[in-house]
Amino acid sequence: EPEVTQTPSHQVTQMGQEVILRCVPISNHLYFYWYRQILGQKVEFLVSFYNNEISEKSEIFDDQFSVERPDGSNFTLKIRSTKLEDSAMYFCASRAQTANTGELFFGEGSRLTVL
Amino acid sequence: AQSVAQPEDQVNVAEGNPLTVKCTYSVSGNPYLFWYVQYPNRGLQFLLKYITGDNLVKGSYGFEAEFNKSQTSFHLKKPSALVSDSALYFCAVRVLNNAGNMLTFGGGTRLMVKP
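Quick note, the sequences are listed as chains A and B, same order. First residue of the first sequence? That's 1 in this note's numbering, and the numbers climb one at a time after it. First residue of the second sequence? That's 1001 in this note's numbering, and the numbers climb one at a time after it.
Calculated from the structure, these hints are not laboratory results. Be a bit skeptical, because a hint or two may be false.
[Unchecked claim] Partner residues are not named here, just some residues of chain B that face chain A (Cβ under 7 angstroms, in silico):
| # | residue |
| --- | --- |
| 1 | Y1032 |
| 2 | F1034 |
| 3 | G1043 |
| 4 | L1044 |
| 5 | F1046 |
| 6 | K1049 |
| 7 | I1051 |
| 8 | M1102 |
| 9 | L1103 |
| 10 | F1105 |
| 11 | G1107 |
As the structure is a prediction and not an experimental result, all values here were calculated from the model. Using N, Cα and C, we set each Cβ at its ideal position, and we do this for glycine too.
Could you build the full structure based on these sequences and the hints that come with them?
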């Protein structure tokens, strides 16, 4: 069964450092998302991406965040200068273009710890 | 704006008993409703969805959910709980005309099934 894969599974970084989280969505999917989950809290929407551009973003997704699809398979989330409050589990998700009513498929997540 | 409420942080049920995990939503427009399950240190797994048609939808692992438009609810149910059902359950909503098609999640409900 096709799945969304994310790397790294866990990253520890110092405050102020840049972090790139990587995702390989399901191959025939064309809508991509990043969500985050701070420990013990709800799953929060960050950004959606379609046709090589951001289609929607939340207030959390400020200038410190960026997304990119550098090639035909990877979808990355960059945090330019990490803050302590960026510590969370980050989930990538994808959705098939033809399934407007379709569910999102999530990866296993990347746990980011900012010290 | 769209929102989802899961009024119970935790639901405890004995194995073999029926379970209900509650969800109410608020949207302007026709809702698409979803349930996801999260096992410890794992990503979100899709359980079921309501798009249109029959108000009772059936999903994975014997779960079902009932859409009630008048009460704006989408409660998750299972006739006979298993210990292995113990996990964190998230209700989510998306609106048809939402450009980014983002999912908005509830705060989650922890289901504990005791032997």
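Right, here's what the structure says about each hint:
1. Y1032: holds, 6 angstroms
2. F1034: holds, 6 angstroms
3. G1043: Status holds, d = 4 angstroms.
4. L1044: Constraint on L1044/B satisfied, holds at 4 angstroms.
5. F1046: holds, 4 angstroms
6. K1049: This interface hint holds because 6 angstroms falls under the 7 angstroms limit.
7. I1051: Holds: closest Cβ of chain A sits about 4 angstroms from I1051/B, inside 7 angstroms.
8. M1102: holds, 5 angstroms
9. L1103: At 6 angstroms from the nearest chain A Cβ, L1103/B passes the 7 angstroms test, so the hint holds.
10. F1105: With Cβ-Cβ at 4 angstroms, under 7 angstroms, it holds.
11. G1107: holds, 4 angstroms
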